[in-house]
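2 protein chains.
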Amino acid sequence: MTETLTSPTALAIDETAADLLFRNARTAMQWTPDQVTDDEIEAAWSLAKFGPTAMNSLPLRFAIVRSPEAKARLLELMPDGNKAKVEAAPATLVLAYDPNFHEHMDTLFPHAPGVREQFAPAVEMRDTMARTNALLQTGYLIVGLRAAGLAAGPMHAADYDAVDAELFAGSGFKSFLVVNVGHAEGAGTEYPRLPRFDLDEVTKTL
Amino acid sequence: MTETLTSPTALAIDETAADLLFRNARTAMQWTPDQVTDDEIEAAWSLAKFGPTAMNSLPLRFAIVRSPEAKARLLELMPDGNKAKVEAAPATLVLAYDPNFHEHMDTLFPHAPGVREQFAPAVEMRDTMARTNALLQTGYLIVGLRAAGLAAGPMHAADYDAVDAELFAGSGFKSFLVVNVGHAEGAGTEYPRLPRFDLDEVTKTL
Numbered sequence: 001m002t003e004t005l006t007s008p009t010a011l012a013i014d015e016t017a018a019d020l021l022f023r024n025a026r027t028a029m030q031w032t033p034d035q036v037t038d039d040e041i042e043a044a045w046s047l048a049k050f051g052p053t054a055m056n057s058l059p060l061r062f063a064i065v066r067s068p069e070a071k072a073r074l075l076e077l078m079p080d081g082n083k084a085k086v087e088a089a090p091a092t093l094v095l096a097y098d099p100n101f102h103e104h105m106d107t108l109f110p111h112a113p114g115v116r117e118q119f120a121p122a123v124e125m126r127d128t129m130a131r132t133n134a135l136l137q138t139g140y141l142i143v144g145l146r147a148a149g150l151a152a153g154p155m156h157a158a159d160y161d162a163v164d165a166e167l168f169a170g171s172g173f174k175s176f177l178v179v180n181v182g183h184a185e186g187a188g189t190e191y192p193r194l195p196r197f198d199l200d201e202v203t204k205t206l
Numbered sequence: 001m002t003e004t005l006t007s008p009t010a011l012a013i014d015e016t017a018a019d020l021l022f023r024n025a026r027t028a029m030q031w032t033p034d035q036v037t038d039d040e041i042e043a044a045w046s047l048a049k050f051g052p053t054a055m056n057s058l059p060l061r062f063a064i065v066r067s068p069e070a071k072a073r074l075l076e077l078m079p080d081g082n083k084a085k086v087e088a089a090p091a092t093l094v095l096a097y098d099p100n101f102h103e104h105m106d107t108l109f110p111h112a113p114g115v116r117e118q119f120a121p122a123v124e125m126r127d128t129m130a131r132t133n134a135l136l137q138t139g140y141l142i143v144g145l146r147a148a149g150l151a152a153g154p155m156h157a158a159d160y161d162a163v164d165a166e167l168f169a170g171s172g173f174k175s176f177l178v179v180n181v182g183h184a185e186g187a188g189t190e191y192p193r194l195p196r197f198d199l200d201e202v203t204k205t206l
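Heads up: the sequence lines are chains S and Y, in that order. Sequential numbering of the first sequence, starting at 1, is according to the working numbering. Sequential numbering of the second sequence, starting at 1, is according to the working numbering.
This is chain S alone, in the form it adopts within the complex (with noise of 0.2 Å):
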């Protein structure tokens, strides 16, 4: 295990890329008054969005909270540790995945028409895929909020039928995740980062 914050060879990236999106990018604790911007999450999203899903299936679903009164109603259902930190975010988002995804398919999906139809009563396949295509799209979407020069710091909700039943009520939709969002003061704020993995330790070559 080592802190390598280079690479082994040419990246198609530039080093402030690299460092911005992965190698530099830490869990923000910290943040700058500066609000988080309709046009900064739009920015996020319109790179996130292209990362790919299963038959291009799109789950991910997301409430944007900013408004103190929005924000007092999701402080009740964090745990007591991640309560402060939401507070302190410029905005939250509170992902989810949308179990009926399917019936977007015809749009989402068109040179293969039937798709909606064929997965309607699939009721329990539907939720397994639209959750793992969802965590996918999340971590496309942690990226993209960087490359939109925003820092993200995921964290886990109480109760996540609790937060459905208050943001997502007669969606449908069940949320997964909390990524506080925002720009984050500079270095030295965070936690040090922990150790990763080498290539060698979580691969075998066949």
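Among the clues, some could well be false.
Chain copies aren't distinguished; within one or between two, either way the pair holds.
[What the hints assert, rightly or not] The list that follows gives simulated cross-link-like pairs (lysine-lysine, DSSO-like), each with its CA atoms no further than 27 Å apart: (1) 71 <-> 174; (2) 85 <-> 174; (3) 204 <-> 85.
Keep in mind that the hints were calculated from the coordinates and are not lab data.
Since the structure of chain S is already known, use the hints to place chain Y on it.
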């Protein structure tokens, strides 16, 4: 729904990186004859390993399948529609999660001793947590592969239990996705880009 390939505000990365990682990146179907080198996989991992996971749990594991013999073993376990894709790709990554990730927590999360022991009996929780966080890491890995100049083609195997028995026997790892990797043959060989949701179609602001 639109096909906007520009971003509404200044990004913190240059346009070349935004195009390479997201806007012009496509699920590759055709490959140049160039091999995928160890250094290229290492370069992708040198970035992707830094993406955040819950409690730094880093549960993603993968097999790098390149030899004709290993390719043949994997081919047997792919659905008919995906066999030719695996056969054509210079390398194929078989992604899995490690439900026993807790055994590494003393190293990965050293400031909170006891996590390993606390998680040991929570078999079901560990399985869910490992799969969830390995999927986040898959998002980072797909972006990391692109940053290393590679293209990725994610797809499903036919029977992941069979894949586990064939490629991950004795490890306890559970496979969940197969990703072809290589150097994409020039533009125009992919399927047409499918539509994406606009931000306001997948979010609400509170």
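Cross-check of the supplied hints:
no. : hint       : in the structure
1   : 71 <-> 174 : within (19 Å within a copy, 38 Å between copies)
2   : 85 <-> 174 : within (22 Å within a copy, 33 Å between copies)
3   : 204 <-> 85 : between (39 Å within a copy, 21 Å between copies)
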